[in-house]
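Protein chains in written order, with full-length UniProt numbering: chain Z, 1 to 339; chain L, 1 to 346.
By construction, these hints were calculated from the structure, which means they are not laboratory data.
Hints may be right or wrong, so weigh each one.
Pairwise CB distance ranges, derived in the manner of DEER restraints [said to hold, decoys possible]:
1) Z:203 / L:190: 45 to 53 Å
2) Z:320 / L:237: 23 to 31 Å
3) L:201 / Z:176: 35 to 43 Å
Heads up, the beta-carbon is just placed ideally off N, CA and C, and yes, glycines get one too.
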Amino acid sequence: MTQPAPAAEAATRKSTPADGGSPWRTKLVRFDVRTLSLLGVLAALVVIGGITQPDSFLDTDNVQLVLTQTSVIGVVTVGMTFVIISGGIDLSVGAIVALASVWATTVATQEYGFAGILFTAVIVGMGCGLVNGLLIAYGGMVPFIATLAMLAAGRGLALQITDGKTQMVTVDSVLDLGLRESYILGIPPLVLVFAGVTVVGWLLLNRTTFGRRTVAVGGNAEAARLAGIDVRRQRLYLYLLSGLCCGIAAFLLIVLSGSGQNTNGNLYELDAIAAAIIGGTLLSGGRGTITGSVLGVLIFTTIQNIFALNNLETATQQIAKGAIIVAAVLVQRRTAHTS
Amino acid sequence: MPTNTSRRGLLFGAAALSGGALLAGCTSNESKDEDTGGNEQQVADDKPGKKVTIGFAGPQADHGWLNAINDNAKERAKKYADVTLESTEGSNDTAAQIGQVETLINKKVDVLVILPADGKALTQVGLKAMKAGIPVVNLDRVFASPQAYRCWIGGDNYGMGLSAGQYIGEKLKDKKNARVVELAGLDNLELTKQRSKGFDDALKNYPNIKKVARQAADFTVESGQQKMSQLLQAQKNFDALWNHDDDQGVGALRAIKQAGRDDFLMVGGAGALSAFQAIKADDGVLKATVLYPPTMAASAIDLARALGQGKGVSGMAEFEIPSFVTCYSAVVDKDNVEQYMPTGFK
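Same shape as in the complex, but just chain Z:
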């Protein structure tokens, strides 16, 4: 299953898959087998939640809650999935979320209201992604090191901006977005943004040249280069994309928590990588799906939710989380091999 997509094919704009048939059908079949196993894990969790806490787990409030809590880290994971598919890694996502959120909540930025906060968060996120991309694509740095440096620098800058203080948001239009009154047809706006990012991410990966190039670069960068893909530029775009996702996530986090703090986005890098891997993305690059990653994040949030509803102790939570991650990957592996 680790066969990389042929680079030449990926480089062709309107390709017909080598394994024949319509692109839709092949995609959907592969998508189904992998995804079904993840859906199975998720369904098992839902059953566990439903049995242990029948009153609180399955009610609308809780479903809204789980989806809302998935949104922030979910958006980050979509960007991370692209980076990992291309054979890279982005360790700086948590730090970028922190930096973007504190920059966007400084007094100066808040003066410009909703748009000022959103704009700053997105620009700071993209700026960090651009630096990552330039260092990796044109500076020849290993992604692990470049983004590790960004992690350190981003956290440091966030700490410097806040001076360790929590920056409260005073812009009502931002705060209101996180309240129940803003739900659209029962769906929190945060979840709608997350859904939008997911759909765009899915289309970008599966229906565009950009997506095929990403897979090609991750499968075999040299082959991709020979096939005429500008690998360096592609890498630059990918880290920029990850930074953009972090900026959007930072804004969602501001809405959710009503504040900016330098501790925001703590350990997001690990959660996002883990979710992508559980979702079937190869850490070595060349393969991965947005749907899988999103299901991976959902599995994480659902686990946490079930733990909290059952009032489990922290130590028990951590042990159980480890066990469930292993189980999810094993189930995923097995079904992937038999497909």
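Add chain L to chain Z, keeping to what the hints say.
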């Protein structure tokens, strides 16, 4: 920190400390009340005395409370014309902080004030300073050996839980089958366990109250919001909430607002300005907060100065400054919030 020493310290703390003005405000009553012993030892006061250089090795201020610790120490040192403060860059890194303290020892400062990133790990360097003849004031996170410090001053985590439990207990004592929820801090830290223990012990005095849920967050706004929203989902009705930390309380209050809940009373912890403001405004569930006062850093400077000048503490019959001072975890509610407002940290 063993709880029995805390209790002993509590007595000292209650007697010696009031809102951080340990030594500063005491001038008038000592002659009329406390002239029993031959007062040979001089008592520290505001008047300029012997010049003292205090070395301060503080924490990295990545949290509101730690930031307030640094501010308090620096502000208080500025107040004294006879005090020079040599402060190092705050650090969470044990090795780096050991290096910083060693530098201060080499500079031959008169007294050291150290808030260690990790009390146990910094014990050796504390011993080294003491052996070099530099008295150490150990701030908050306690060294493993009493030989490593001349004086310890810090907060009372057990006492925080106790105060919070007693406050909630008194509020709910007439309610049948009252339900209480706890949003704890970082469970990896021993202090979190102590806070919970104090809380549980206090609630034992109120058999009508039952703690129905406890979840730990990470002392951050984000984790506070996340864990609280789940707690609210899990517990459809309860009467009181104790949240260990006002920083994560910002997130917890946000979650409570998002869930549209107002059917319980909430008690915070630490003493952040935003919590004081919410208590004063009295327009939400937050009715009180139990202190873990950052003013202890200012008091540490007072104690270090007294040590450097060879003076004692006013208001006490002892000739020397005490070896152990535990700050009292006072409850701040609507009635006394005005008094504490200036000590609130952002």
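Taking the hints in turn, this is what the structure says about them:
1. Z:203 / L:190: 45 to 53 Å: Given about 50 Å between the Cβ atoms, the range holds.
2. Z:320 / L:237: 23 to 31 Å: Because 27 Å falls inside the window, the suggested range holds.
3. L:201 / Z:176: 35 to 43 Å: Holds, at about 42 Å.
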